[in-house]
Amino acid sequence: MGRTSAVLAAGAAFTVLLCGCTVQSSDGERHSPIRIELPDGTPSPKSAPPDDKPVTTPAPATTSAPAAVLWQRGDTGRDVRELQARLRQIAWLFDGPTGTYDDLTERAVEGFQGKRGLPRTGKTDEVTWERLLRMTREPGKWDLYLMGGQPADAPDARCLTGRVLCISKSSRTLRWMVDGRTVAMVPVRFGSQYTPTREGVFTVYWKSRHHVSTLYDSPMPYAMFFSGGQAVHYSSDFAARGYGGASHGCVNVADEPAIKEMFAQVRTGDKVVVHW
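Numbering (the numbering used here), first residue to last: 161 to 436.
Honestly, the hints are just simulated from the structure, not real lab data. Careful: at least some of the hints might be erroneous.
[What the hints assert, rightly or not] Label-pair restraints from in silico Cβ distances: (1) S378 - G309: 19 to 29 Å; (2) G388 - A317: 18 to 28 Å; (3) D397 - R291: 33 to 43 Å; (4) V229 - V338: 37 to 47 Å; (5) L230 - A424: 38 to 48 Å; (6) P279 - H370: 46 to 56 Å; (7) R291 - E416: 34 to 44 Å.
In this text, a Cβ means the ideal position worked out from N, Cα and C, and glycines have one as well.
Start from the sequences, fold in the hints, and give me the full structure.
Printed below as a string of structure tokens:
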């Protein structure tokens with residue numbers, strides 16, 4: 161019986177060691193668990209020799225490539241016009257659109273970037289453009305050409321002979337033509353729906369270099385009258401506001417040097433064609 165008790169006691173002690181339980185001595189003090197590792201053919205990390213420690217290779221640092229630049233100072237074209245038109249919508253740009261990425265456009269882009277935590281480069285990169293697209297709407301045709309610069313459409317057939325001021329309402333342009341050849345071309349503005357510019361074939365019946373409207377008390381420099389009180393003339397309002405305004409029926413020109421030269425060449429009796 162004594163031998164059996166001894167065997168059982170030894171087995172219990174071995175079980176305690178295997179389970180890692182806390183061993184309490186006869187004096188009541190608690191000691192750390194005693195663990196026995198069974199051999200499995202692979203040494204534990206603690207028992208492995210120092211030379212066998214695994215070597216950790218740091219992962220290579222990843223750097224994101226800078227966003228590709230789409231447009232920058234000196235670029236020109238329709239895309240630059242759209243950029244400028246969108247900047248105008250959110251009051252970062254007030255001039256233009258001109259179609260030329262100038263210093264004003266560069267400063268507007270730089271301000272837009274800084275406000276949104278983007279690198280202040282003044283160049284329109286892909287990230288800047290995507291942010292701007294989300295904040296604005298698609299510009300219409302006359303948003304792109306608010307201050308002029310639009311291409312002219314083909315001249316009307318009635319403009320191909322003689323000396324003609326050929327005026328297109330479709331493209332909002334005036335061609336000064338002689339025998340089918342375009343001598344000069346300028347953007348123009350027309351009357352509003354309440355004071356529309358008349359269409360048809362007319363002649364220049366009077367020229368007045370320093371004319372002032374008696375009806376509206378407004379200056380009409382380089383006026384070339386073709387239908388009643390309607391004339392082709394320079395407009396400082398058109399030069400300042402672009403297509404944001406309208407005339408009282410006259411054909412407004414914003415380019416003063418161009419209308420001055422045209423005024424010098426056009427004669428009384430020359431034809432005027434206003435068409436769509």
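*May I ask which of the numbered hints given earlier this structure violates, with the numbers listed in increasing order?*
none
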